[in-house]
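*Asks:* Here are the chains, one letter per residue:
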Amino acid sequence: MKNFLNGIKNYFKEFGTAVAKGDFWTKSSLLVMGMGYFGRGQIIKGILMTLIEIGVILFTALFSVPYLAKFGTLGTVQREEVFDAATMTKTVNDYDNSLLILLFSVVGMLVLVAFVLLYLNNIKKVYELQVLKEKGKHINSFVEDVKSLFNGNFHITLLTLPSIGILVFTVVPLIFMICVAFTNYDQNHQPPTYLFTWVGLKNFKNLFTNSMTVSFGYAFVRILAWTLIWAVLATFTTYIGGILLAKFINNERTKCKKLWRTLFVVTIAIPQFVTLLLINKMFSDNGIINGLANQWGIVDALKEAGIIAQGQNGIPFLSQPGWAHVMIVLINIWVGVPYQMLIATGILMNIPNDQLESAKIDGATEFQIFWKITMPYMLFITGPSLITSIVSNINNFNVIYLLTNGYTTPNPTMANSQAKEIDLLVTWLFTLTNDYSNFKMASVIGIFVFIVCAGITLIGFTNLIKGDREEEFQ
Amino acid sequence: MKKKVLSLMLVAAMTATLFAGCGNKDEGTTNNTPDTQAPAAEDSQAGGDTAEDPIANLIAATEGTVALDLWCSETPAYQEVMAQIVENFKQTYSEVDFDITIGAQSEAECKDRVLEDVTAAADVYVFADDQVTELVNAGALQPVEATYTYNPSETNSAGAVDAASVDGKLYAYPLTASNGYFLFYDSTVFSEEDVQSWDALLAKANEAGVQVGMEMSGAWYLYGMFSGAGCTLSMNEDQSNSCDWNNETGVAVAEACAKIAADPAFINITDTDFSAKLAEGDCNIKAYVDGTWRSGDIQAAYGDGYAATKLPTFTVNGAQVQQGSYAGYKLVGVNAYSENVGWSMLLAEFISNEASQLAIFEATGEGPANTVAGSSEEVMASPAIAALVAQSPYADPQRVGGKYWDPAATLGKNLAEGTVTDYQAALDEAVAGITAPAE
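If you read the protein sequences in the order shown, they are chains H and P.
In this text, residue positions in the first sequence follow our numbering: the first is 32, and each later residue adds one.
In this text, residue positions in the second sequence follow our numbering: the first is 76, and each later residue adds one.
I should point out that these hints are in silico values taken from the structure, not numbers from a laboratory.
Some hints here could point you the wrong way.
Heads up, simulated DSBU-like pairs for lysine-lysine below, C-alpha to C-alpha not over 30 Å straight-line [claimed, not checked]: (1) H:K168 - H:K44; (2) P:K165 - H:K312; (3) P:K165 - H:K334; (4) H:K178 - H:K164; (5) H:K40 - H:K236; (6) H:K164 - H:K52; (7) P:K279 - H:K334; (8) H:K58 - H:K156; (9) H:K40 - H:K233.
According to the in silico footprint, chain H covers these stretches of chain P (three or more CB under 8 Å from chain H) [stated by the list, open to error]: (10) 182 to 196; (11) 303 to 310; (12) 336 to 344; (13) 373 to 383; (14) 393 to 402.
All C-beta atoms in this analysis are idealised placements derived from N, C-alpha and C, irrespective of residue type, glycine included.
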């Protein structure tokens, strides 16, 4: 933290020196960004810099400013139209679109921030050139600069595209989504026809409110808990299942290893959502499994034992809380284990043989070898992927959504906030946006999903995978 | 959310480039008014002097190809008949070049697709009437302020017009009037007396060893039980609901529902599951509460015994009460953001006129909303439509805010599964959820 602050301090200090000690060319760069380059003979670079400056100014003045000016209110003019029955055409007023105002304001601000950084850097760069010139050192020509991008500065070339991608496809939507959480963008305020506006922290208060009518707080706590339990269970059951399966197939007493491996890989070849939809149909209240269970009297037996309610048509595999929770985890094992098996097979084959052999010579049992050598090795190699799979399981939309299509919660309080016991935060978010156009609450939930995922990733990566542990396995 | 936002971003980015393109030509980028009116308004001045007739004006003002998108049900029958109707439309206005694309979009989910991005949705779309308030609320429907070829408010049944209106203003063109539900039964098992009441129906079913089904856990079907007994549910102006199901009558209805559900012959089963059972071939459900969309499957399964009638009565506080229902309509809407509002309105009128409604009935079996078409002999000959007409005095238009569905489904599920012990408490909680403020 201290380093960070010092870094910022130095950054502005350097900028200050550059301004103070700069000559005519450097100082005039404060106005026209390319001047410093013109003065040192870097004409093309100077032109490019000036063009960027002009471009940003034009973009901001012509495009961003009209949106930024309305950022405070997110628009005040609502769409109004007049239909002319005689000509069958209509006139529409020049209305505000809150969504576009918010979006382009965010874009405009990001462009400005990027420009300020570029501007500050530019002055420093120009001052460096001035110093070089004063010392009589070589100043790169444009061609040399371009060449350096493929040589000494190749990292800049490589990182440019991904950085732009992250900025456009991750950072902008993220900031946009965070902004929506502070607005009243919902079914009654839908652009382009209607306006939405800022409401401060009201939505966050709602998420922690638990009254008879607003039960978001009640649902949120339960869904968050199930999301975390699910993520841990889903990750570790498939992980351990995959390793065990790989071990069994790799065992020297197993025959036709390739056949088994292929069989399990075939399950990957079938698209996951097809499998899930089929399983959903099979285990539904009136599905094949329940048809058989009814025929064999299992359902009646369970009813008599009081395990399932009298009004049930079958065993509520995917339609009652508890049952559905267990089934989802089990089905996920079935769907996820083959992937883990493939990964584990590769890693198991790479365990240094000398360790295994020396352990055997020392008289270790199979279990001890597995527990003391194989597992630590596996955990070390797969640590990062474990964390990412926990995070991806937090957001495992497919499994939950496809399996519990048609699930109705028996809990009225959950129903009052459009939530279900088996919802993950993401599926709840999906229902709120897709079925109820409740974008504001969805954004609030989205922020919490982000916090949870970012937290787990940070803690996981800093604690689990420390760089110095590598020697342990050498 | 990310995906949603991403698609939004993409759309926004595309719109941005679009505006940027416009902005270069005519100065300024602040203007984000769709350019619907500009060219048409100009041209109409030229044609306006020559004719009083708006359609002639429109034809005169139209230049080049008119591209229209039309969304209707994905079923093959619908797609085919719509293609035919669109052909007729093109012939009727043969002076103009049309490029009409028919998209497949289930009416039940039309709202979700339209609201994803109104500006990118189809010019004309067919949707179920329960979505009308939400579509109006999002400004996605062009009000029917003027009509040109016929007057939908006069030719269609009052219920259909009511269902297409919000606050007395017509927002869509009624198309079919058969999205309600009633009772299908196998007349080889049940007599006409048996299907008059749930008591008789269930008694006979037990005797014959067959089952009687209804999706009691579905909020849409559950409504009929409460409305039949006189309980009310209505939508307020702000889209929240008013509901009195937790009064004494409501408690009695809930108990009656639970009693029906507890009968061994009763099965609580969704329409999709029921149709899957029909397809399997050995379906033991010989009477089922469903709508015209399933009539083909049921007719195939019941064969000669295929019959339909109004919903049965059921016992509340010792008296027989007629089970109510929701009346359902399919409506044709014009997108308020359509670039060719005039032609979209004419297309919508054409699709929903008497001849087209009859053609749709012949192709799909769905009853027309048009009163003349609806009372034609061939329509009345259909048992499903006759049942629907018999049920219509007890059917209400579906006017309910979004907060109704989840709490009511939960109530229905708990009643159907017999897990409710304190009816008053269960209803109190459901009503609290249903009447929750719309924020």
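*Asks:* So, for every hint listed, does it hold in this structure?
*Replies:* Quick rundown of the hints versus the structure:
| no. | hint | result |
| --- | --- | --- |
| 1 | H:K168 - H:K44 | holds (24 Å) |
| 2 | P:K165 - H:K312 | violated (44 Å) |
| 3 | P:K165 - H:K334 | violated (62 Å) |
| 4 | H:K178 - H:K164 | holds (21 Å) |
| 5 | H:K40 - H:K236 | violated (37 Å) |
| 6 | H:K164 - H:K52 | holds (14 Å) |
| 7 | P:K279 - H:K334 | holds (24 Å) |
| 8 | H:K58 - H:K156 | holds (12 Å) |
| 9 | H:K40 - H:K233 | violated (37 Å) |
| 10 | 182 to 196 | holds (count 4) |
| 11 | 303 to 310 | violated (count 0) |
| 12 | 336 to 344 | holds (count 5) |
| 13 | 373 to 383 | violated (count 0) |
| 14 | 393 to 402 | violated (count 0) |
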